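> These are the residues of each chain, in order.
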Amino acid sequence: MDFQLTDDQRALRAGVRELLDRRFGRERLRAAVDAPELDRALWRELGEAGFFALRLPEAEGGVGLGLPEAVLAFEEAGRALLTGPLVATHLAAGEVSGAATGETVVAAVDGTLVEWLDEADVVRGDVTGAVAMRSADPLTPLHRVPRAAPPDPVAALLIAAEQLGSASRTCELAVQHARTREQFGQPIGAFQAVKHLCSEMLVRVEVARGAVYAAAVTADPLDIAAAGLLADEAAEHGARDCLQVHGGMGFTWESDVHLHLKRAWLRARRGQSAAEAEETLAEELAAVAPGPRT
Amino acid sequence: MDFQLTDDQRALRAGVRELLDRRFGRERLRAAVDAPELDRALWRELGEAGFFALRLPEAEGGVGLGLPEAVLAFEEAGRALLTGPLVATHLAAGEVSGAATGETVVAAVDGTLVEWLDEADVVRGDVTGAVAMRSADPLTPLHRVPRAAPPDPVAALLIAAEQLGSASRTCELAVQHARTREQFGQPIGAFQAVKHLCSEMLVRVEVARGAVYAAAVTADPLDIAAAGLLADEAAEHGARDCLQVHGGMGFTWESDVHLHLKRAWLRARRGQSAAEAEETLAEELAAVAPGPRT
Amino acid sequence: MDLSYTPEEEEFRARLREWLAKVLPGLPPKPSPDDWPGRRAYDLGWQRMLYDAGYAGLHWPADAGGRGATPTQHLIFLEETEKAGAPYVGANFVGLLHAGPTIAAEGSAGQRARWLPPVLRGEEVWCQGFSEPDAGSDLAALRTRARRDGDDYVVNGSKIWTSHAEVADWCELLVRTDAKAPKHRGISWLAMPMDAPGITVRPLRTLAGSTEFAEMFLDDVRVSVANRVGEENDGWRVTMVTLSFERGTAFVGEVVACRRVLGELAREARKNGRWDDAVLRRRLGRLNAEFRALWRLTQWNVSESERSGGVPGVGGSVFKLRYSRARQDLYDAAADVLGPEALDLDSRWTLDRLSSLSYTIAAGTSQIQRNIVAERILGLPKGR
Amino acid sequence: MDLSYTPEEEEFRARLREWLAKVLPGLPPKPSPDDWPGRRAYDLGWQRMLYDAGYAGLHWPADAGGRGATPTQHLIFLEETEKAGAPYVGANFVGLLHAGPTIAAEGSAGQRARWLPPVLRGEEVWCQGFSEPDAGSDLAALRTRARRDGDDYVVNGSKIWTSHAEVADWCELLVRTDAKAPKHRGISWLAMPMDAPGITVRPLRTLAGSTEFAEMFLDDVRVSVANRVGEENDGWRVTMVTLSFERGTAFVGEVVACRRVLGELAREARKNGRWDDAVLRRRLGRLNAEFRALWRLTQWNVSESERSGGVPGVGGSVFKLRYSRARQDLYDAAADVLGPEALDLDSRWTLDRLSSLSYTIAAGTSQIQRNIVAERILGLPKGR
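One line per chain: the protein sequences are A, B, C and D, in this order.
My numbering applies: residue 16 is where the first sequence begins, and numbers increase by one.
My numbering applies: residue 16 is where the second sequence begins, and numbers increase by one.
My numbering applies: residue 3 is where the third sequence begins, and numbers increase by one.
My numbering applies: residue 3 is where the fourth sequence begins, and numbers increase by one.
Any given hint could be a false lead.
Unchecked claim - Simulated restraints on C-beta separations: (1) Val243(C) x Arg28(B): 30 to 40 Å; (2) Ala234(A) x Val281(D): 26 to 36 Å; (3) Ser110(C) x Ala302(B): 52 to 62 Å; (4) Gly144(B) x Pro9(C): 54 to 64 Å; (5) Lys384(D) x Ala181(C): 28 to 38 Å.
Unchecked claim - Every beta carbon over 12 Å from chain B, so not counted as near; a handful from chain A, in silico: (6) Arg38; (7) Ala50; (8) Leu80; (9) Asp136; (10) Val137; (11) Arg162; (12) Gln191; (13) Asp235; (14) Thr267.
Just so you know, these hints were derived from the structure itself, not from any lab.
The model shown is predicted, which means the values in this text are computed figures rather than measured ones.
From the three backbone atoms N, C-alpha and C, an ideal C-beta is built for every residue, glycine too.
Generate coordinates for the entire structure from the input sequences, incorporating the hints supplied.
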């Protein structure tokens, strides 16, 4: 057992982070908030970097890696608030022509939601009767469709990875703010109330990380269900606490905190619902035969 | 509207507190922990003080007061951790001979539980098949019965009043400890972590107080359901937080904190269940006709 | 403990209801949220109607032009106007609830005569210049400074979270007049005319996308010394007098509104099928208990304040701590009732959910409120 | 990221399972909780069996007589012994997990030879004399003092929360040897023989009604200077070395046990009908997610510690914060599954619920753990 990142995995993570820092840094992010268009040059660059073809076999022109690597890449995407139908295009690699390389933008029905419907080249799923919404997440155009698509476990896992990345980022943002913002003559991070908020944020991140990474290794639907619950909790609660630590400054449109919160809310409505995940996990408990488990 | 205690109500509360301080102070309480017997002399004294006959009309030899006064008396009982089948005997006043005066000790079936069955002179409800339990509350002997009795709203309210008294007391105990216990060179109550635990305890107490007192005035089953939920929360959560503030010292048998916690757990299993209360309160919401409420 | 209203209170309620039923249908259409001049006119118009009907400054003392109503009458007023769907206090908020009461309590006869009647009659709008970018929770750390120059103060600095700044006539402004004094002792309270040269107002967009607030930049703004209320450097105390005017009635309308929303949520859940989810249904049931209790706590606090002659306790912190969380819980539950629709800004409750996020931050964060409860009510020691 | 075990690890597991299956049926009956001599004999007997089978001191370094096993092997050992229902470490806890590793790291050759083998062979029991009534969270504020007198220290003071004091041979004792030094710099670490005159042990009853712990009163107890491990006044560092021996394995057996309990709860709920309560059922489902994640976090921490050669991080605080709450949530859920039966001390889980209350307090309260996480992991500043 070696439940830690390999050197290759660390390098992959660093590479994705570097790419996103360079191509989707804060300035680009804020520009996207003002004009949420899909950046096709970036999309092709993601394609070239293997973001979409990551799990496609090398024989088919892919990178030939697995779910753990995909989870690390999507964690970085969540951290950077990267926009676009990332999960749908990633899942379409090898199935939809041009998806793997980022030439084709693929959207998909996820529950009763479709992200980036108008901007996509290909849409998977039944979008008959799709209605545009004024999206609460300013970075993600949304439509609703009347007929729900069943949740896909791999999609759920990649969404959980994005939630993990966002949770990890809001923890960092809260800590940065707490170390620099002074009130009552000292950094607010010196106050236990703020300290303890930040500590609990980290605890939720680390617990979710264990669950998400393990689900990536096992690809077990129960592990994925658990990962989804814990990553949603870490992302939603983390963004709320990050807002609380930022106080009034976090309540402004110029702060990035609300972008994390709104995306976290959106992601929590994608994939499997919390109710379904909890019921699945409960069912397993009752089904296990008595006696020592192996 | 004058939703405050009247002078008479204040005097009543002070009187009950004085009686309990004198007759069921800390020494007596700890003696009762070691030997949980029903103190019949005290029972008669409670009877003489009108504890049981409080709501009985003066024409029938009672005090002629109402539910608000009963709630204040039971709040004091909860505060002092007074032992015995108080609610059952109070409810039996005027119906069971000697109950009003404290000559007769009356127990009753409450859900599937009976407190003080062996010690009671009269038992109300069907106790066929009663089985003794080793009670988690060292101050309350318990039996279980196979046939559940339906919850009585007045009993539920008086239990909520006891929970309120206990919650209020654990808040006081936590604050007392936090003001005197020193660690790291200062009273632990100077640390925000402890301060904020105590503040939230008080908030739960005051919210529960509003609900319990209002239910005493209106006797509305929905108000009583709400009072039960909030008083249970205040008592259980309060005792837990009180324990946390006390640290290791609260974990000893000699501390009174666990007595409040165990009794709070016991009371929460009496009367209406949280699930029933929540369903009742939900039902009301959906039933109300649209439009402005009056 | 009496929850019934006296015949006088019932009569007050009945007359108010009757009046509301008569005048509300005739109100002009509500202006759009971005139409600041329209909002000003609408809110002042409503205030004028209240004035004409004898409801203006209900809770103000009679010698300030108010009606000297009891806290209970004020509670009834807020409850009934909310239930009837009357306009909110809106642009009149600062004038009626902060600046006005301050001037009534601390101003000279001339100041009272100049500033109070226009507030009551719906003729002038006030805004508040307290918070600064670097003085949030630590309000007394404010740095906007006022230098004495003859009969004027010359003010430089910036303020934030100012509502209605675009359309206000006056700003109740806290400035530092003694930089060397301990931070609470070098502050003065000024009434700044909003048409003075040197004031720049910039809308501040919140996370909900709205521009309810503004930033205000002050560059050599001249304010007459005659516009100072209270002594120089005594502004902190003067301000605290204002804040302590709170008589338990701050959230009456909101609690009434939350209870209405909760019922709407339940009926919506019945309609869209989410009522079958026992977890959600019981959560709504618990919220019913929560808001019933908050309503009772409001009545409790109002009665307490009535007994003490309107002098409030610190019970407001207790209430705000619980209410701010309950409001957020309510709108989180609303999102679960709506489901994916909760991601639609055009859906009911979505914007309210976003704005609910400010409740644990604005007007004293929950962390600050817990300190207040711990130190001022429970008597726990201050940290070193 | 690899969750599969190496062939060597699998072989280690298989051999262990085989051995456990062979020896566990032949164990003597468990002594009652009050039978301290019986518990001592039982626990030492089990330790002797481990020793004979080559499992004693699995995680100790080889030069201290241990097996030098990897953290992963230790994880497997703890997992398998728990699953097989093997005896707990019991009376051997302090010897194997605190005093022993301290002596192995900091003791002289003579001290290692004297004290380590009897621990591994199950011949001597150690207890811990760290906490004091007035030094709880602030352990370094301890006041038990040791005065040098020739070749002895003369010790006076009192200790609390000492397990197995009644049947221990030795106590790892922290004493103050320099009252004038800053509190962390005047402490020494002594091995005190429990048969020394002047030691009074008094059982300490917990809220669960049990007497797992004791108070210890020390009245002119003479401890040879030769029994001091490390330099005089260097005891705080010596002790911290012990505490840092944690390699992520502290709660392995408990997490395995919690997952078993959770399954039992679900099946019990199915049986008694409470499974039909969706709120309770989904709560159990969420606890399943919780304990799955805690198991993964354990594997993560163990792998991290394996990579770093057994040097632990502060991740233990993160784990303990979440685990202690999860354990309390688990037993709260158990009480709701049991219903009124949860008030019966003879019911399953009732005593475990009571003892779960200590988890957010003992070995560093959750408040202290949050400080550690904030300051040592997140780098937030210390308060003034």
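> Now, for every hint given, state plainly whether the structure supports it.
Each hint, compared with the structure:
At about 34 Å, the beta-carbon gap between Val243(C) and Arg28(B) stays in the expected band of 30 to 40 Å. Checked against the given bound of 26 to 36 Å, the beta carbons of Ala234(A) and Val281(D), roughly 30 Å apart, stay inside it. A C-beta distance of roughly 57 Å is found between Ser110(C) and Ala302(B), which places it inside the suggested range of 52 to 62 Å. Distance hint check for Gly144(B) and Pro9(C): the Cβ-Cβ separation is about 56 Å, which falls inside the suggested range of 54 to 64 Å.
At about 30 Å, the beta-carbon gap between Lys384(D) and Ala181(C) stays in the expected band of 28 to 38 Å. Distance check for Arg38(A) against chain B: the nearest CB is about 42 Å away, which clears 12 Å, and the non-interface claim stands. No beta-carbon of chain B is positioned within 12 Å of the beta-carbon of Ala50(A); the least distance is around 41 Å. Non-interface status of Leu80(A) relative to chain B is upheld: no Cβ of that chain comes within 12 Å, the nearest being about 44 Å off.
With a minimum CB-CB distance of about 46 Å to chain B, Asp136(A) clears the 12 Å threshold, and the non-interface call stands. At the 12 Å boundary, the C-beta of Val137(A) stays outside the reach of chain B, the nearest C-beta of that chain being 43 Å off. Under the 12 Å C-beta cut-off, the non-interface status given to Arg162(A) relative to chain B holds; the minimum distance is some 28 Å. At roughly 21 Å from the closest C-beta of chain B, the C-beta of Gln191(A) stays outside 12 Å, upholding its exclusion from the interface.
At roughly 32 Å from the closest C-beta of chain B, the C-beta of Asp235(A) stays outside 12 Å, upholding its exclusion from the interface. Remark: the non-interface label on Thr267(A) is consistent with the geometry, its nearest Cβ contact in chain B lying 26 Å away (cut-off 12 Å).
Consistency note: the structure conflicts with none of the earlier hints.
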